[in-house]
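Using the sequences plus the hints, can you model the full thing?
First to last, the protein sequences are chains A, B, C and D.
Residues 80 to 497 in the numbering used here are what the first sequence spells out, letter by letter.
Residues 363 to 525 in the numbering used here are what the second sequence spells out, letter by letter.
Residues 3 to 89 in the numbering used here are what the third sequence spells out, letter by letter.
Residues 12 to 922 in the numbering used here are what the fourth sequence spells out, letter by letter.
Check the hints yourself; a few may be wrong.
[Stated by the list, open to error] Examples of chain B residues toward chain C, derived with CB under 10 Å:
#	residue
1	Ile381
2	Leu403
3	Pro419
4	Val467
5	Ala482
6	Val490
Just so you know, the hints here were simulated from the structure itself, not pulled from any lab data.
Each residue gets a CB set at the ideal place from its N, CA and C atoms; glycine is no exception.
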Amino acid sequence: MSQYSAFGLLRGAFNGQKHWQPAWRDPQPKSHYDIIIIGGGGHGLATAYYLAKVHGLKNIAVLEKGWIGGGNTGRNTTIVRSNYRLKPLHDLFEFGLKMWEHLSDDLNYNVMFSPRGAMFLGHSDADMTKLAERGDAMRCDGIDADLMTRAEVAKFEPLLDMSRGARFPIDGALIQRRGGTARHDAVAWGYARAADMLGVDIIQKCEVTGFVRDGAAVVGVETTRGRIGAGRVGICVAGNSGHVAGLAGLQLPVESQTLQAMVTEGVKPMINSVIMSQSLHCYISQSDKGGVVFGGDPDNWPSYAQRGNSKVMEGAVAQGLALVPALSRLRMVRTWSGVTDMSFDGAPIIGETPVKNLYLNGGWCYGGFKATPASGWTYAHTLATGTPHALNAPFALDRFERGATIDETGSGPMPNSR
Amino acid sequence: MTKLSISMLPAAPLHAFEIWGNPAAVGKRFKAACGFALPALGRSDGTAALRLIRFEPTVWLVEGDASPLASILSDDGAVTAIGGGIVRIRLSGNNWRTVLMEGGVFDAESPTFAAGCSAATIIDHVNVRLHVVDETTCDAYVPLSFSQGLLHFWTQAADALAG
Amino acid sequence: MMQFTCPHCGPRAQAEFVYERTVDSVVALDAPPEDAMRTLFTRNNPRGVDDEIWRHTYGCRAWMVITRHRVTNEISAIRAVGPEALT
Amino acid sequence: MITFSFDGKSYTAREGDTLAAALLRNGVGLVGRSFKYHRPRGIMTAGVEEPNALVTIGEGGRTEPNTRATDVFVYEGLVAKSQNRWPNLSFDVGSVLGLAAPALSAGFYYKTFFGSAKKWMFYEYFIRKAAGLGNAPTQTDPDRFSQRAAFCDLLVIGAGPAGMQAAVEAAEVGKRVILVEQDNILAPSLLRDPQAQDAAWIKATAERIRAAGGRILTRTTASGYWEHDLVTLTQRIAEPGQIPPHNVAQCLWHVRAGHVILATGSIERPMAFAHNDRPGVMLSQAVRTYVQRFGVVPGKRAVIATNNDDAYKTAQALKDAGAHIVAIIDARPAPAGAGSGFRVYNNAVPLSTKGARHCLKSVTALVDDKTVSWDADLMAVSGGFTPVVHLHMQAGGTLDWNEHAQAFVPAASRQNVTTIGGAADPQAIFKMVPVSSPKKSFIDFQNDVTLADVDLAWAEGYRSVEHLKRYTTLGMATDQGKLSNMAALGRLAEKQGVAIPEAGLTTFRPPYTPVTMGLIAGAGAKDAGAHIRRLALYDLHAAKNPIWQPLGYWFRPRAYPTGGETLAQAALREAKAVRNNVGMTDVSTLAKFEISGPDAAAFLEIICATTVSKLAVGRGRYTFMLREDGVVFDDGTVWRLDENRYLLTSSTGGADRMATHISYVRQVLCPQMRVSAVNVQEHYAGIAVAGPKAKSVLATLIGEEPPRHMSTVPASIAGVPVIILAASYSGERAFEIYVDASQAEAVWAACETQVNEVGGALYGLEAMEFLRIEKGHLVVGGEVDGRMTPHDLALDKMLNKAGGYVGASGLARPALAETRRRQLVGLEAIEGDIPEGAMLVTQEGASPVGHVSAAAFRIIEGGSVALGQLTDGFARHGEELIATSPTRGQKARVRVVVPHFYDAAGERYRD
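Given below as C-alpha cells:
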C-alpha cells in the first residue's frame with residue numbers, strides 16, 4: 080500500500096492520482112477472531128490498531144453496523160483537550176493529548192490536530208477562582224494550563240464581547256495551549272487504514288444482533304452477516320451502549336441522549352482558538368474551511384434519534400452570540416446530532432462487565448472524541464490482558480453502586496442537570 | 363387598532379389555595395361559603411372581592427380576601443401567602459394575543475382562550491400565568507424578579523407590532 | 003420540539019416541560035439499600051419505547067408519565083402522577 | 012430606478028429585481044470565485060440553490076457575507092461586494108491554486124503536511140486564509156430578531172397555484188391556515204411560465220385567504236421540520252443589509268400545524284461536462300426566469316443542453332426576447348424536439364466549454380459520437396428536476412425512486428405532512444451518463460468537487476455516500492448540495508454498477524437554506540437567554556452604588572464601598588462592623604419553602620437528613636439535604652412556625668434544584684401525604700441583622716424582646732408584619748427578618764435607620780464570605796461540592812438515626828466508608844496568604860492531596876485562614892502542607908487545623 084506523502088500527491092498530479100489504493104480492505108468475516116470489537120468508530124478502530132500494534136495480536140475484527148466513523152466520531156465538534164479538574168480524568172485525557180501530538184505521523188494520515196488553544200472564559204471572580212483551581216490541579220499533575228487576563232483574552236480573540244456591560248462580562252480565561260481541534264473523519268479513516276495494514280479485519284454493514292453464550296461466558300456474536308466466534312468481545316458503541324449491552328442482558332448506568340452541533344457558512348478566519356465558558360454551555364471554534372462550529376448542551380432527555388431540537392439549538396446559539404456578537408449575521412448551514420451515552424457521573428466507563436469475556440467502553444457523555452487515542456490504548460490493554468490499565472482502572476463499571484464515582488461537576492446521579 | 367397598554371397593577375395579597383384530600387367535600391363547603399364553585403383547571407371564577415384562578419391541578423391562585431378560606435379547607439388543604447413574589451402585568455388593547463405570541467409557545471391566539479380562561483406557560487424564558495379578563499384585557503402573573511424584564515420585552519414587542 | 007398532551011392542560015409545547023427521569027429509576031422510599039442503588043444507577047435505556055417522568059414545570063407544575071418511542075418520538079400514552087386527581 | 016453598488020461601482024436596477032437580475036441587466040457576468048481553486052464564477056440559477064454568485068451585502072454590523080445574489084432583492088443604496096478574491100474579482104491571485112489542482116485532489120490534505128502538530132499549524136495558517144468565503148462583520152449587529160409562535164390547522168409551504176388553492180379551500184371551511192412563500196411575491200412561477208391562472212387570480216385568491224382569517228407570509232422560508240409537526244419559518248422583514256422598520260430584521264416563526272402541505276416544487280439539475288462552471292453557463296429555468304420575470308436576456312447567442320422538454324420553453328423565451336438559439340443539444344434520441352422550430356441535435360451531450368475574459372465563447376458537444384462546436388455567449392442547461400423533498404425528509408419521511416424523472420419523491424411519513432405538485436410528481440427526463448473528462452466536470456460548484464474527485468474517493472475505498480461526501484467535501488458548501496447530490500449519487504451508482512436508489516441516500520437535516528445566527532438566537536443574543544433576576548430591594552441597593560456579584564441569575568451587592576475604598580477594604584470594614592457592632596445585609600435570594608399540613612414534619616424528615624419532628628413551635632435548627640446517592644447537596648434551616656406549619660430555607664444557588672426535588676418527593680414519592688409545600692422564595696424578602704448589637708437593634712425595631720438563638724417569632728416592623736428568625740451565618744448573634752417582598756422597602760429602611768443609629772454598616776457577600784469562613788460554616792458550591800458525604804463534612808452526627816430520609820440508602824455504599832476520602836479541614840497559614848482554589852501538596856512537585864475551597868483572613872486579628880478538602884483530613888490535624896497555585900504563582904505554607912477559627916464554642920450566640 081502506498082505511503083502517504085507530498086511526493087505521492089505530486090506523482091499523482093502526473094497520473095491523475097490513479098495510483099492510490101483503497102485505504103482499507105473490505106474483507107468477509109472469518110468464523111472466529113481472538114478479539115472482536117463491536118463498533119467501527121474512532122475508539123473501536125483505535126482499539127483494534129493498538130491491539131495489533133502494541134500487543135501484537137493478529138486475529139482481530141472490528142464490526143460496524145453502518146460505515147466506519149459514521150456515529151459520534153463524525154458527529155462532534157472535534158475538540159481535543161485535557162483540562163479536567165479531577166485527577167483520573169485529566170490523567171486519562173492528558174495521556175491521549177500527548178498521543179494526539181504525534182498521531183498524524185504515527186498513522187501516516189494527517190488528522191490535522193491543530194493545537195491552537197482551548198480556552199475556558201471566566202465571567203466573575205468566582206469563575207476565575209474555579210478556573211484557577213482547575214488549572215492548579217492540572218499544573219500540579221504536569222499538565223499545561225495558564226490563566227489569561229482580560230487584556231490577554233481580548234488580544235487572543237478580538238471578536239469576543241469584552242464590554243463591561245455584557246451579560247457575561249469576560250474577566251479572563253484558563254487556556255490549555257496544547258488543546259485544539261482535529262479533523263474528526265480523518266481520525267476514523269487514519270486508524271482504519273493503519274489497523275487494516277496490520278491485518279485487522281474491518282467489516283462494515285455488519286450489525287451485532289446478539290451474543291453467543293457458553294454458560295456464563297460470551298464466546299461470539301450473532302450478526303447480520305452471520306455468527307462470528309470470539310475469544311473476547313469489546314463493546315465500543317458509545318451512544319448505543321445501552322442497546323448493545325442490553326443484548327447481553329446488562330443494564331448500564333447510562334442514558335442515551337442527543338447532542339447536536341452546527342456549523343455556519345465558511346468565512347475568513349475570525350475565531351482563533353476553541354472558546355468555552357465556565358458559566359455558559361457552548362463551545363465555539365472555526366474549522367479550516369472557515370465554518371464556525373458550535374456545540375451546546377445535550378438535549379437533556381433520552382433519545383436515540385439522531386435529530387436535533389429547535390429550542391436547544393436556539394439556546395446554544397444565543398449563548399454563543401452573547402460571547403461573540405459578530406456571529407450574528409453569519410448563517411447556520413448545517414446541523415448534526417449524535418447520540419451520546421450520558422453516564423451518571425459524567426465520566427466514561429472502560430473495563431470489565433459482569434459477563435465473562437465481555438468488556439465495555441462507553442459512557443463518554445459528550446467528551447469522547449478527544450479521548451480517542453487514550454481510549455483505544457487503554458481499552459486495547461484491557462482486552463489484551465484481561466485487566467484494566469492503570470489509567471482506566473478508576474473508570475470501572477461497578478463504581479456507581481460502590482460509591483466511587485468520578486463526578487467532575489458534582490451534579491450527581493442524574494444525566495440531566497438536577 | 364387601539365394601541366396595547368401594558369402596565370403593572372398595584373401589589374395585592376395573593377394566596378395559594380391547595381387541596382390535598384377530599385376534593386368533593388371541600389368543593390361543596392367552598393360553594394356554600396363563597397357562592398360560586400371552585401373553577402376547573404384553566405378557568406377562573408369569583409367576584410371583585412374574591413377570585414380564584416386555577417393554574418394547577420391541586421392549587422388555586424386566590425386574589426382578594428383569603429381570610430375565610432382556611433376554615434373551608436379544614437384539614438384537607440392549606441392556604442399560603444405568595445403575593446410578594448408575584449407581579450401582575452395588565453395587557454389591555456385589541457392585540458394582546460399577538461404580543462403574547464412573541465417569544466412564546468402557547469396558543470394565546472386560539473379563539474377558545476376566551477374571557478375566564480387561564481393558562482400557565484413560558485414566555486421569553488419566564489414562567490408566566492395568564493388570565494383572560496375580557497376580550498381586550500389579559501392579566502399576566504409574573505415572578506417579581508423577572509417582571510421588569512418582561513415588561514420591557516412586551517413593550518418592545520408591542521411597539522414593533524404596532525408599526 | 004415535541005408536543006405533549008398534558009393530562010391537565012391539553013396539548014402544550016415541550017418547552018413547558020422538563021424531563022426528570024425514567025420510571026425505572028424511581029427509588030421508592032422504602033426500597034432496600036442494595037435495590038435502591040441498582041434502581042438509581044441503571045436504566046433499561048431501550049432503543050424503543052420507555053416510560054419517562056416529565057414535569058409540566060412551566061405550566062401546571064404537575065408530574066406525569068410519558069410513554070415515548072426514543073427513535074420516532076411517538077407518544078403512546080401520558081398519565082398523571084400525584085395526589086388524588088382533583089377535578 | 013434603484014441605485015446599488017457592486018465592488019464599488021454604481022449601477023441601477025428595476026423595482027423587483029434580485030441582485031442577480033440587476034447584475035445581469037448591467038452585463039455583469041463575473042460575480043464570485045470558487046472556494047478551493049478560486050475559479051471565476053457567474054450566476055447559475057435564479058433561486059436559493061445558487062452555488063456561485065455569493066456576495067457580501069451591507070455594511071457595518073449589518074454585513075451579511077455569502078449572500079446569494081439570487082436571493083436578495085435590490086433596494087435603494089444596497090452595497091454588494093464580491094468575496095474570496097485578492098486583489099480584485101477579475102484578477103485573483105488565489106486562482107494560482109487552480110494550477111496546482113492536479114496535486115490538490117480530493118482529500119489531499121490527509122496525505123501530506125506530516126511532522127509535529129506545530130508544523131501542521133504552519134501549513135494550516137495558509138489553508139485557513141485561503142479558505143472561507145466572505146468576511147464576518149466585526150461590529151455589533153444593530154438590529155433585533157424576533158421569534159414568534161403560531162398555531163394552525165393547515166400550513167401550506169409554497170404559494171404556487173397548487174399551494175394557494177389548497178390554502179384557500181381550507182381557510183374557507185373555517186380552518187386556521189398559514190401560507191408561506193420564500194419569494195417576495197405569490198406564485199412566482201407564473202411570471203416565468205404564464206399559465207391558466209393569472210395575476211388577477213393570484214390577487215383574488217390571496218384576498219379570499221386573508222378574508223377567511225388565513226395568514227400569508229412572503230419572503231419566508233420553511234427552514235426546519237421538527238417533531239410533532241413543528242415547522243420553523245424564517246421571515247425576512249428587511250433584505251440583507253437593509254435598515255429594517257422597528258429594528259427587527261427577521262422573524263423566526265415556530266408553527267405547530269395540524270397538517271402540513273408541501274408544495275415546494277423542484278430544483279433544476281445541471282449537467283456534468285468539462286468547464287461547466289464557466290460564467291455564462293446557467294440553468295435553463297433560471298435563464299427563463301431572467302427573461303420572462305425580470306426582462307433580462309443574459310446572452311445573445313445561446314446553446315441549450317437538455318434531457319427533457321422543459322428546456323424548449325427556455326429556447327422559445329430567449330427567441331421571443333430576441334436572442335439567437337444556436338443549437339439545442341438534446342440527449343434524447345429523435346424525434347425529441349422535432350417540430351420545435353429550433354436546430355435540435357439528438358443523441359447529443361455537452362462535452363466542454365471555452366471562454367475568454369471570464370465569458371463564455373463556445374460550447375462543444377458529442378453528437379452521435381462526433382464532436383461539434385458552436386460559438387455562444389450563453390448556455391442554458393437542464394439535466395432534469397430534483398423534487399424539494401428536504402422538509403419531508405426532515406420530518407422523518409421516506410422516499411421512493413421515480414424512474415421516469417430519475418428522482419427521489421416523497422413516500423410515507425410518520426408526521427401529518429403531504430407533498431403536492433411538482434415535488435410529488437416531477438417531469439420525466441432521459442437518463443444520461445456524463446461522458447466528458449471528469450477532471451474539469453464540476454458537480455459541487457462552490458467547493459470545486461469534480462467527477463474525478465468522486466472517482467478518486469471510490470478508488471480509495473470511500474464508498475458509502477457519507478464517506479464520499481466527507482472525503483470530497485461534496486454537498487458541504489452553502490448551497491448544501493442542492494445541485495450536487497444527485498450527480499454524486501449517479502456517479503456512485505455507476506461505479507457500483509447498481510441503480511441510484513441502491514447506491515444510498517444522504518439524510519436532509521435542518522436548515523433547508525442557511526439561517527442567520529442572530530435569528531436563531533432571537534432575543535437571547537443579548538443575554539444568552541439568561542435573564543438577570545432583580546432583587547425586590549434592587550432600587551435601595553442601586554442607590555448606594557455597590558459592587559455587584561452574580562450568583563446564579565441573581566446579582567447581589569458584594570460590598571458597599573465608600574470614599575474610594577477597594578473591594579477588599581470595604582469588605583473588611585463591613586465584616587468588622589458585624590464582629591464589633593452590627594451589620595445588615597439582603598438575604599432575599601435564599602430558597603424558602605412553606606410546608607403545611609398534618610404530615611408536614613414527616614415530609615420534612617424525608618427531605619432533610621436531620622430530625623425535624625422534635626422541634627417545638629417557635630424553634631428552628633440547622634439542617635442539610637442529601638441526594639439519593641447520599642451526597643450532601645444543600646443545607647439550610649428549618650423552623651416550626653405553627654403546629655402544622657414549617658419554613659425551610661436552603662441555598663440561593665440550589666433553589667431551583669431544591670424546588671424540583673421537594674415537588675418530586677411530594678408529588679411522585681409521597682402523593683398520599685397531607686401536606687402542602689409552597690415555594691415562597693420570592694414572596695419573602697429577607698434582611699439579616701448580625702453583630703453584638705443586633706439584639707438591641709431588633710428590640711428597638713420590634714418593640715419587644717427578640718427571640719433567643721434558633722427561635723422564631725412573628726412581629727411587626729414599621730407597621731409591616733414580619734417573621735423574625737434568630738439564626739446566624741456570620742458567627743454573631745443575628746436575626747433574619749422575612750417580609751412580604753412588596754412591603755420590604757419600608758422594613759429595610761427602618762432597619763437601616765436603626766443600624767446607622769448605633770454606628771453599624773451594610774455588608775455584602777464578600778464580608779459575608781469572610782465571616783462564614785472564619786466561623787467555619789459551609790457553602791453550597793464550595794465545601795459542599797456535590798462529591799462530599801455528611802461524614803466527609805463532619806455532619807454525620809446530625810444524621811437522623813431513624814433513617815427514612817432521601818439518601819439514606821446511598822450513604823450505605825461501601826466506597827463511601829473507605830479511607831482516602833477527601834474530608835473537610837481548616838487551614839491556617841504559617842507563611843504567605845492562602846490562595847483560594849490552590850492545591851494542597853505535601854511537597855513541591857507532588858500530586859495534590861486536597862485543595863483550598865475557601866480562603867479569607869481573620870477579621871479582627873488578621874492572618875490567612877481557609878477551609879479545604881484533604882485526603883483523610885480528619886486524621887491530619889497539625890500537619891504542615893503547601894497550598895500552591897502554579898497558575899497564579901502563589902503559595903503558602905499551611906497547617907491543618909479544625910475548621911473553626913472563631914468562637915468554636917458558639918458563646919456569642921448566647922445572650
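Okay, the hints, checked on the actual structure:
{"no.": "1", "hint": "Ile381", "in the structure": "holds (6 Å)"}
{"no.": "2", "hint": "Leu403", "in the structure": "holds (5 Å)"}
{"no.": "3", "hint": "Pro419", "in the structure": "holds (5 Å)"}
{"no.": "4", "hint": "Val467", "in the structure": "holds (4 Å)"}
{"no.": "5", "hint": "Ala482", "in the structure": "holds (5 Å)"}
{"no.": "6", "hint": "Val490", "in the structure": "holds (8 Å)"}
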